[in-house]
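Colleague: Sequence:
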Amino acid sequence: MNTNLTEPSNHTSTQLFLLLLFAGLFLTYIFALFVPLMDSDSAHHANIALHMVLTGDYISLIDKGKPYLDKPHLLFWTSAASFNLFGINAFAYKFPSFLFTLLGLYSTFRLGSGLYDKKTGWLATAILATSFAFILANSDVRMDAMLTASMIFAAWQAWGYYQFRSWPYLAGTALGLSLGFMTKGMIGPAVPVFAFLFYLVEKKDWKFFLDYKAYLAIPLFFIFSSPVLYAYYIQFDLNPDLVIRGRENISGIKFILWDQNFERFDGETWGGDGSKDYLFFLHTILWAFLPWSFLFYFGIAKGLKQKLISKTGLDWMTMGTLIFLLGIYSLAGFKLPHYLNTLFPFMAIVTAAALVKFEISPAIRNVQYVVLILITLLAITVNVFAFPSWAIILPLSIAAVYLAYWKKLEKKWASMVMLSLSVGVGVNMMMQVNFYPQLLKYQGGTALAKEAERMRLDKEQTYFFEMHSYSFDFQSKHLHKRVTYEDILDKVASGPIFLYVNNDGLNFLQSQTNLQVDNLAEKGAFHVSRLKGRFLNPSTREKALTPNYLIEVRSSGPLLANH
Numbered sequence: 001m002n003t004n005l006t007e008p009s010n011h012t013s014t015q016l017f018l019l020l021l022f023a024g025l026f027l028t029y030i031f032a033l034f035v036p037l038m039d040s041d042s043a044h045h046a047n048i049a050l051h052m053v054l055t056g057d058y059i060s061l062i063d064k065g066k067p068y069l070d071k072p073h074l075l076f077w078t079s080a081a082s083f084n085l086f087g088i089n090a091f092a093y094k095f096p097s098f099l100f101t102l103l104g105l106y107s108t109f110r111l112g113s114g115l116y117d118k119k120t121g122w123l124a125t126a127i128l129a130t131s132f133a134f135i136l137a138n139s140d141v142r143m144d145a146m147l148t149a150s151m152i153f154a155a156w157q158a159w160g161y162y163q164f165r166s167w168p169y170l171a172g173t174a175l176g177l178s179l180g181f182m183t184k185g186m187i188g189p190a191v192p193v194f195a196f197l198f199y200l201v202e203k204k205d206w207k208f209f210l211d212y213k214a215y216l217a218i219p220l221f222f223i224f225s226s227p228v229l230y231a232y233y234i235q236f237d238l239n240p241d242l243v244i245r246g247r248e249n250i251s252g253i254k255f256i257l258w259d260q261n262f263e264r265f266d267g268e269t270w271g272g273d274g275s276k277d278y279l280f281f282l283h284t285i286l287w288a289f290l291p292w293s294f295l296f297y298f299g300i301a302k303g304l305k306q307k308l309i310s311k312t313g314l315d316w317m318t319m320g321t322l323i324f325l326l327g328i329y330s331l332a333g334f335k336l337p338h339y340l341n342t343l344f345p346f347m348a349i350v351t352a353a354a355l356v357k358f359e360i361s362p363a364i365r366n367v368q369y370v371v372l373i374l375i376t377l378l379a380i381t382v383n384v385f386a387f388p389s390w391a392i393i394l395p396l397s398i399a400a401v402y403l404a405y406w407k408k409l410e411k412k413w414a415s416m417v418m419l420s421l422s423v424g425v426g427v428n429m430m431m432q433v434n435f436y437p438q439l440l441k442y443q444g445g446t447a448l449a450k451e452a453e454r455m456r457l458d459k460e461q462t463y464f465f466e467m468h469s470y471s472f473d474f475q476s477k478h479l480h481k482r483v484t485y486e487d488i489l490d491k492v493a494s495g496p497i498f499l500y501v502n503n504d505g506l507n508f509l510q511s512q513t514n515l516q517v518d519n520l521a522e523k524g525a526f527h528v529s530r531l532k533g534r535f536l537n538p539s540t541r542e543k544a545l546t547p548n549y550l551i552e553v554r555s556s557g558p559l560l561a562n563h
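So for the sequence shown, UniProt numbering puts the first residue at 1; every next one is plus one.
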């Protein structure tokens with residue numbers, strides 16, 4: 001099977017096409033940096049970093065005025081540093097994760113090239129860079145971009161140490177493990193360690209465990225991780241009276257080294273989202289790894305079959321890691337789609353290796369073409385029907401150029417790969433240029449924060465009542481407190497205040513005869529991370545919106561609490 005992307009008769013145009021493809025992909029990531037933060041984990045995490053900048057306290061993790069005991073500090077520290085450099089905005093929050101993404105892509109290339117060849121390394125990098133949820137992690141930024149990059153970097157460095165036994169690779173391994181740990185706890189070092197163990201199993205090189213120098217990675221790991229451990233010790237171990245989730249005498253060090261990931265695995269503390277769906281991640285891959293999900297399933301199935309029959313084919317470092325960890329993740333009591341991101345680089349390498357090593361039958365190619373057609377039609381329909389805009393012209397024009405080149409390809413393998421890459425770039429660009437910016441116009445917090453800024457409302461006299469909005473805080477560059485009715489009575493005794501409220505809060509306050517309520521701004525809002533057909537349909541969208549309000553409240557009589 002000829003797996004060259006460049007055809008001798010069409011070499012120059014292929015190079016031009018690849019250049020355009022890279023430019024389109026790079027633009028997609030740049031556009032993603034400027035998409036407003038979603039009112040979910042993204043804005044929530046940004047506000048923890050914002051608290052650091054506003055207070056100068058970079059040790060404590062504080063969420064809505066209370067100690068935050070979940071994810072460790074790296075994302076918050078890097079975001080806070082970026083805020084100090086670039087100001088408090090979406091770009092500044094996302095930029096550190098983008099830099100980590102570049103590291104992750106390079107590490108994927110190096111590991112893929114080392115395990116196979118440069119062709120596989122390049123293809124794996126392209127597959128990873130164009131997969132839907134990987135790009136989404138650079139738009140709706142949580143821990144995933146940093147965590148994924150740290151894991152694949154550590155895996156590459158561990159592979160490099162095995163090959164060359166050099167100190168830089170050993171230090172790089174410890175650093176990668178530490179970066180993963182400082183991003184999301186022990187899951188960070190666990191994945192690359194499992195990957196390297198599978199590599200050793202395949203090599204059957206048990207003498208490696210006698211390499212005393214390799215064990216120096218352990219103290220190096222703790223040295224690199226010491227800032228986070230120190231911060232947890234200061235905030236939690238030295239304050240045993242703190243009550244968090246109904247518990248006290250909490251050791252921050254014990255929590256991050258042991259409790260955190262096991263609490264998520266058993267699902268008792270965090271809830272049981274998807275706990276009984278043991279196929280959750282297998283069907284999540286269908287959309288999260290688009291446009292490569294079908295080819296990944298083909299690659300893992302074909303690779304496993306070849307491995308069991310002839311002990312050849314794909315390596316265990318990637319394939320074994322995927323099979324083992326997908327099994328572990330599937331048994332966890334708490335499941336979320338973005339947990340898959342940690343496996344994306346390994347999935348990309350497996351997919352690329354399968355495309356290069358195995359014969360791709362006409363049936364496989366045809367199924368992939370059907371997948372690509374459906375993705376494209378869905379993306380165009382959603383963008384044109386749900387959120388029509390002139391912005392859609394850019395990605396559609398680029399897609400037309402890609403399609404014009406694709407028609408000139410003679411080799412069926414190159415045709416399938418090039419079209420898959422083109423769809424990955426075109427569809428993701430549509431989402432970042434048009435869909436998400438339009439969608440986030442219906443995020444109440446962001447819109448009302450802009451209104452509050454336009455009206456120059458006093459931030460110190462603006463509060464939440466009966467609700468909270470992370471995006472309102474972040475867009476305002478201020479952490480607003482939540483107040484009760486009794487608090488409102490106390491505050492209006494000294495003068496008018498401003499409240500962010502929902503319908504219930506507004507109706508209650510308007511029913512109080514001792515208060516005068518003036519509606520300053522109203523925004524129909526929708527929980528943008530939970531899309532529904534009723535909202536996507538422009539003709540029914542208004543019915544799906546929940547009004548949010550900015551109101552001014554002042555005293556109009558005796559201030560007696562009757563709530």
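Keep in mind the hints are simulated off the structure, nothing from the lab.
Hints should not be assumed to be uniformly reliable.
Unchecked claim - Derived DEER-like restraints, expressed as beta-carbon distance ranges:
#1 Pro240 / Asp504: 34 to 40 Å
#2 Asp205 / Asn537: 57 to 63 Å
#3 Lys459 / Asp57: 17 to 23 Å
#4 Glu202 / Ser361: 38 to 44 Å
#5 Lys254 / Pro538: 26 to 32 Å
#6 Asp487 / Thr513: 29 to 35 Å
#7 Lys477 / Asn537: 50 to 56 Å
#8 Leu102 / Pro168: 17 to 23 Å
#9 Gly533 / Leu308: 52 to 58 Å
#10 Leu19 / Arg245: 21 to 27 Å
#11 Phe222 / Gln163: 37 to 43 Å
#12 Arg554 / Ser397: 51 to 57 Å
#13 Phe22 / Thr381: 43 to 49 Å
#14 Ile328 / Pro67: 27 to 33 Å
As the structure is a computational prediction, the values presented were derived from the model and not from experiment.
The beta-carbon is built from N, C-alpha and C at its ideal position, and this holds for glycine as well.
Colleague: It remains to establish, for every hint, whether it holds in the given structure.
Modeller: Now for the hints, and whether the structure bears them out:
1. Between proline 240 and aspartate 504 the beta carbon distance is about 38 Å. The supplied range of 34 to 40 Å therefore holds.
2. A hinted range of 57 to 63 Å holds for the C-beta pair aspartate 205 and asparagine 537, which are about 59 Å apart.
3. Taking the beta carbon of each, lysine 459 and aspartate 57 are about 19 Å apart, inside 17 to 23 Å as hinted.
4. Take glutamate 202 and serine 361: their Cβ atoms lie about 27 Å apart, and the range 38 to 44 Å is violated.
5. Take lysine 254 and proline 538: their Cβ atoms lie about 52 Å apart, and the range 26 to 32 Å is violated.
6. Distance hint for aspartate 487 and threonine 513: a CB-CB separation of about 19 Å, inconsistent with the stated range 29 to 35 Å.
7. Checked against the given bound of 50 to 56 Å, the beta carbons of lysine 477 and asparagine 537, roughly 35 Å apart, lie outside it.
8. The hinted range of 17 to 23 Å is satisfied by leucine 102 and proline 168, whose Cβ atoms lie roughly 19 Å apart.
9. A C-beta distance of roughly 43 Å is found between glycine 533 and leucine 308, which places it outside the suggested range of 52 to 58 Å.
10. In this structure, leucine 19 and arginine 245 break the distance hint of 21 to 27 Å, their C-beta atoms being roughly 52 Å apart.
11. For the hinted restraint 37 to 43 Å between phenylalanine 222 and glutamine 163, the CB-CB distance of approximately 25 Å leaves it violated.
12. Look at arginine 554 against serine 397: about 54 Å separates their beta carbons, and that is inside 51 to 57 Å.
13. Checking the proposed 43 to 49 Å range against phenylalanine 22 and threonine 381 shows it is violated: the Cβ atoms sit about 27 Å from each other.
14. Here the CB-CB span from isoleucine 328 to proline 67 is close to 30 Å, well matched to the stated 27 to 33 Å.
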